[in-house]
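S.K.: Listed below, chain by chain, are the residues.
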Amino acid sequence: MQAITATYKNQFARFQSLIALLVLCIVLSILTDKFFTADNGLNVLRQTAVNICIATGMTLIVLTAGIDLSVGSVLALCGAIAAGLLKNGIKIPSADLFIGFTILGVVLAGILIGAALGFFNGLVITKFKVPPFVATLAMLTIARGFTMLYTKGQPISNLGSDFAVIGTGWWLGIPVPVWIAALVVLFAGFITQQTRLGRYIYAIGGNETAAKFSGINITKVKITVYAMAGALAAIGGIIVTSRLDSAQPNAGTSYELDAIAAVVIGGTSLSGGKGTVWGTVMGAIIIGVLNNGLVLLNVSPFWQQVVKGGVILLAVIIDKLGEKKE
Amino acid sequence: MVIAKNITKRFPGVTALDNICMELFPGKVSAIIGENGAGKSTLMKIFSGVHTEYEGEIILNDNPVHFSSTKDAEAAGIAIIHQELNLVPYLTITENIFLGSELVNTWGVLDKKKMQEKAKQLLKRLNLDIDPNTKISSLKVGQQQLIEIAKALHVDAAIIIMDEPTSAISDKEVDNLFSIIAELKNQGKTIAYISHKLNELFQIADRFIVMRDGATVNSGEMKNTNHDELIQMMTGRKILIQRSESVLERDKELLQLKNICLKNAANRSENILHNISFNLHQGEIIGIYGLMGAGRTELMETIFGLHPKLSSGEITINDRPIKLQSASHAINEGIVLVPEDRKLQGLSIGQPVRPNMSITILKQLERWGIMLNKKREMEVSRQYIQQLAIKTSSTETIVKNLSGGNQQKIVLAKWLAKKPKVLLLDEPTRGIDINAKSEIYKLIKQLASEGMGIIVVSSELPEILAVSDRILVMCEGELTADILANEATEAGILKYAIHKN
Chain E
131 MQAITATYKN QFARFQSLIA LLVLCIVLSI LTDKFFTADN GLNVLRQTAV
181 NICIATGMTL IVLTAGIDLS VGSVLALCGA IAAGLLKNGI KIPSADLFIG
231 FTILGVVLAG ILIGAALGFF NGLVITKFKV PPFVATLAML TIARGFTMLY
281 TKGQPISNLG SDFAVIGTGW WLGIPVPVWI AALVVLFAGF ITQQTRLGRY
331 IYAIGGNETA AKFSGINITK VKITVYAMAG ALAAIGGIIV TSRLDSAQPN
381 AGTSYELDAI AAVVIGGTSL SGGKGTVWGT VMGAIIIGVL NNGLVLLNVS
431 PFWQQVVKGG VILLAVIIDK LGEKKE
Chain G
244 MVIAKNITKR FPGVTALDNI CMELFPGKVS AIIGENGAGK STLMKIFSGV
294 HTEYEGEIIL NDNPVHFSST KDAEAAGIAI IHQELNLVPY LTITENIFLG
344 SELVNTWGVL DKKKMQEKAK QLLKRLNLDI DPNTKISSLK VGQQQLIEIA
394 KALHVDAAII IMDEPTSAIS DKEVDNLFSI IAELKNQGKT IAYISHKLNE
444 LFQIADRFIV MRDGATVNSG EMKNTNHDEL IQMMTGRKIL IQRSESVLER
494 DKELLQLKNI CLKNAANRSE NILHNISFNL HQGEIIGIYG LMGAGRTELM
544 ETIFGLHPKL SSGEITINDR PIKLQSASHA INEGIVLVPE DRKLQGLSIG
594 QPVRPNMSIT ILKQLERWGI MLNKKREMEV SRQYIQQLAI KTSSTETIVK
644 NLSGGNQQKI VLAKWLAKKP KVLLLDEPTR GIDINAKSEI YKLIKQLASE
694 GMGIIVVSSE LPEILAVSDR ILVMCEGELT ADILANEATE AGILKYAIHK
744 N
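Just so you know, the sequences run in chain order E and G. Here my numbering runs 130 ahead of the position in the first sequence, where the first position is 1. Here my numbering runs 243 ahead of the position in the second sequence, where the first position is 1.
Just to be clear, a hint being listed does not mean it is correct.
[Claimed, not checked] With a straight-line Cα cutoff of 27 Å, these simulated DSS-like cross-link-like pairs (lysine-lysine) come out:
hint, chain 1, residue 1, chain 2, residue 2
1, G, K440, G, K271
2, G, K661, G, K634
3, E, K350, G, K440
4, G, K356, E, K342
5, G, K361, E, K342
6, E, K257, G, K606
7, E, K342, G, K495
8, G, K428, G, K415
9, G, K501, E, K342
10, G, K367, G, K357
11, E, K259, G, K506
12, G, K664, G, K566
13, G, K643, E, K342
14, G, K383, G, K367
15, G, K586, E, K259
16, E, K350, G, K428
17, E, K342, G, K662
18, G, K415, G, K361
19, E, K342, G, K552
20, G, K361, G, K495
21, E, K450, G, K643
22, E, K342, G, K367
23, G, K586, E, K450
24, G, K466, G, K367
25, E, K350, G, K367
26, E, K350, G, K566
27, E, K350, G, K586
28, G, K634, E, K350
29, G, K356, G, K367
30, E, K342, G, K617
31, E, K259, G, K552
32, G, K618, G, K634
33, G, K617, E, K350
34, G, K661, E, K342
35, G, K566, E, K257
[What the hints assert, rightly or not] Pairwise CB distance ranges (calculated):
hint, chain 1, residue 1, chain 2, residue 2, range
36, G, L342, E, K450, 54 to 62 Å
37, E, A225, G, R511, 48 to 56 Å
38, E, L152, G, S381, 54 to 62 Å
39, G, N729, E, F263, 53 to 61 Å
40, E, V446, G, F254, 53 to 61 Å
Calculated directly from the structure, the hints in this document are not laboratory data. Note that CB positions come from ideal geometry on N, CA and C, so glycine has one too.
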């Protein structure tokens, strides 16, 4: 009997955020007739795609009981470098050398740099025992600084219509960014649910000492996870740059907070070991729907922030109440 | 005078104190002695308001009392100096002494001058020549211990409980401590002194109280007893568990340790383990006994590769020398450890049974080196649940909801699944009920009969005698005895555990 209620509870926890999302959608459909349309739905998803990419990486990190505050800045730096490489290539006048980049080339370069920045985060956290909060806070500033240096504080614009496809294109009636986000989610879902690495991530978050006593190489797992989050932030950066047809030096500012909000609303515990990528996706969509709905309802942007904050609090409180009952 | 009357304290699965009675007299030092797990610390924690739920009564100067917090106990004049120090390392001596009872002036601002004056006086009484502005973290352990005593003096406690106060201090500091205790005694304070070091007790104590299995078995004047008698009283219990009988043909050496040393992480010039050497044969069960601080757990952790930078010595397995740089090295060599604290080191208790069990064998469960074969994982989990008779409603039950014995079996399962050559068990039955205990003993013997080499570390003598073929005794980081189990007696083992040589 206990087992049955426990499984039931688990199932409920899994769908808790989905139920919240459905309720939200129903309420908005009643309040405004513009909400429940296919166009608006795709619109919300397209706007949410970037946050889904970042928040998915954040989920992996939070599952190990870590945090990454640098994703917004990493997004900006990678977006800027991708744009810069696409537009100007690499010129080395002394050697009379010019390297041009294809779109695929700049995308890979951006992702690689994102992964490298995340790798560095992971290295600092594991080798020098710097708390993740501090290490990634430093990276937040450093990456933003490099973005400013690279762009000289000016946007890098006019990247061409081919590049714009990534952020604004459609395929099979669905926006390209949504396809990308879906791939990211599938990939992370596969990692967390189907692979050894995923198990190690949960094990470390659940009890790092026990993981160490089980012979798990904690350094390796953590570095991998931070590098993945960096790469996913870079993907977000490329989408943002492509959508705006411009790399903005201040792109992605405070995106880390939206990502953390999505993770938390999705039911992942900040103390690690508990939560799913699926939950985070729900969390991100809830934030997106909320933003969209409040605009449709003509709520002032100032109130929108208050409501968003309230929803985050509510989500965590509901989670905590559920935990206590156990 | 303090009287404990019929006190019973139960923890989940174990009765730590069983209807115990005890009297402590003013102006006397009462030595409280007993094996590990006899219930000494538990009783002291009741006296000092740490444990608040228990049956029975404490009578303080003819009044029944029931403390609901340590503050309560302190207000009633009882101070305890714990085995583990309770000082805030980054605060100064003065700040620590006055923590929670700070003096303020008429403006509500800290009166630092007055507190420092008082702290200085206290330190002087303890013959400590240190500036009261010194941070605790820069003091030696022995000095820290004296600061704890200063705290007790500061609250003017009439009853002072000391739990192993000399476990970490030098001889000179011990002398100083003893002269302070003598002075406190002369002032009419009641002192309870817990220690394993019998020599010390003959020096300092007036009375003795021997505890065993949560009850008082004997008490009297220190001058009317002697060493051997005390040891007899500590151990003379009926043995509930069948002794080890099996004598197998053991000619094949499995694991050899030679001159294993381990440095203290806090003070590298000090050794926790000194030149430990022994061999483990195939199918042999070695029991390692030692008192608190003998280095048993550290030895297990060293063999398991958890102290690569601090340890030295040679380890060979099947005559092949190995270097143990990490737990994963050890595991690859077939050495696994069931750690002392299952909740802290053995399990992720917020997660289900299945992933806890399979964590060690995920590599074997991989298909094409990528994906986990979950069906196979489920089968393995079910198999071990059945084999070890783990009482759980399903493979997906959260470990937290299982009893201690079943949790321990999950830790065992996770390592048995790895099919080890050498199984290290650190306190394998701590805090679990008698049935689960005997099941685990049976399992240990069965595994040995299948050829596994097993080392069991335990602080319970009956357990050591019940499971071991051979018994090693440790004392202060050294191996002091290597006896065949069927030639060993409880008193004999305890003697080696208490004395070096």
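S.K.: Look at each hint and say if it fits the structure.
M.R.: The hints, checked one at a time:
{"no.": "1", "hint": "G/K440 <-> G/K271", "verdict": "holds, 18 Å"}
{"no.": "2", "hint": "G/K661 <-> G/K634", "verdict": "holds, 21 Å"}
{"no.": "3", "hint": "E/K350 <-> G/K440", "verdict": "violated, 46 Å"}
{"no.": "4", "hint": "G/K356 <-> E/K342", "verdict": "violated, 48 Å"}
{"no.": "5", "hint": "G/K361 <-> E/K342", "verdict": "violated, 47 Å"}
{"no.": "6", "hint": "E/K257 <-> G/K606", "verdict": "holds, 25 Å"}
{"no.": "7", "hint": "E/K342 <-> G/K495", "verdict": "violated, 31 Å"}
{"no.": "8", "hint": "G/K428 <-> G/K415", "verdict": "holds, 20 Å"}
{"no.": "9", "hint": "G/K501 <-> E/K342", "verdict": "holds, 26 Å"}
{"no.": "10", "hint": "G/K367 <-> G/K357", "verdict": "holds, 15 Å"}
{"no.": "11", "hint": "E/K259 <-> G/K506", "verdict": "holds, 22 Å"}
{"no.": "12", "hint": "G/K664 <-> G/K566", "verdict": "holds, 16 Å"}
{"no.": "13", "hint": "G/K643 <-> E/K342", "verdict": "holds, 20 Å"}
{"no.": "14", "hint": "G/K383 <-> G/K367", "verdict": "holds, 17 Å"}
{"no.": "15", "hint": "G/K586 <-> E/K259", "verdict": "holds, 24 Å"}
{"no.": "16", "hint": "E/K350 <-> G/K428", "verdict": "violated, 58 Å"}
{"no.": "17", "hint": "E/K342 <-> G/K662", "verdict": "holds, 19 Å"}
{"no.": "18", "hint": "G/K415 <-> G/K361", "verdict": "holds, 25 Å"}
{"no.": "19", "hint": "E/K342 <-> G/K552", "verdict": "holds, 16 Å"}
{"no.": "20", "hint": "G/K361 <-> G/K495", "verdict": "violated, 66 Å"}
{"no.": "21", "hint": "E/K450 <-> G/K643", "verdict": "holds, 17 Å"}
{"no.": "22", "hint": "E/K342 <-> G/K367", "verdict": "violated, 46 Å"}
{"no.": "23", "hint": "G/K586 <-> E/K450", "verdict": "holds, 22 Å"}
{"no.": "24", "hint": "G/K466 <-> G/K367", "verdict": "violated, 32 Å"}
{"no.": "25", "hint": "E/K350 <-> G/K367", "verdict": "violated, 53 Å"}
{"no.": "26", "hint": "E/K350 <-> G/K566", "verdict": "holds, 21 Å"}
{"no.": "27", "hint": "E/K350 <-> G/K586", "verdict": "holds, 24 Å"}
{"no.": "28", "hint": "G/K634 <-> E/K350", "verdict": "violated, 35 Å"}
{"no.": "29", "hint": "G/K356 <-> G/K367", "verdict": "holds, 17 Å"}
{"no.": "30", "hint": "E/K342 <-> G/K617", "verdict": "holds, 23 Å"}
{"no.": "31", "hint": "E/K259 <-> G/K552", "verdict": "holds, 17 Å"}
{"no.": "32", "hint": "G/K618 <-> G/K634", "verdict": "holds, 21 Å"}
{"no.": "33", "hint": "G/K617 <-> E/K350", "verdict": "holds, 24 Å"}
{"no.": "34", "hint": "G/K661 <-> E/K342", "verdict": "holds, 16 Å"}
{"no.": "35", "hint": "G/K566 <-> E/K257", "verdict": "holds, 22 Å"}
{"no.": "36", "hint": "G/L342 <-> E/K450: 54 to 62 Å", "verdict": "violated, 31 Å"}
{"no.": "37", "hint": "E/A225 <-> G/R511: 48 to 56 Å", "verdict": "holds, 52 Å"}
{"no.": "38", "hint": "E/L152 <-> G/S381: 54 to 62 Å", "verdict": "holds, 60 Å"}
{"no.": "39", "hint": "G/N729 <-> E/F263: 53 to 61 Å", "verdict": "holds, 58 Å"}
{"no.": "40", "hint": "E/V446 <-> G/F254: 53 to 61 Å", "verdict": "violated, 33 Å"}
Checked against the numbered hints given earlier, the structure breaks hints 3, 4, 5, 7, 16, 20, 22, 24, 25, 28, 36, 40 and satisfies all the rest.
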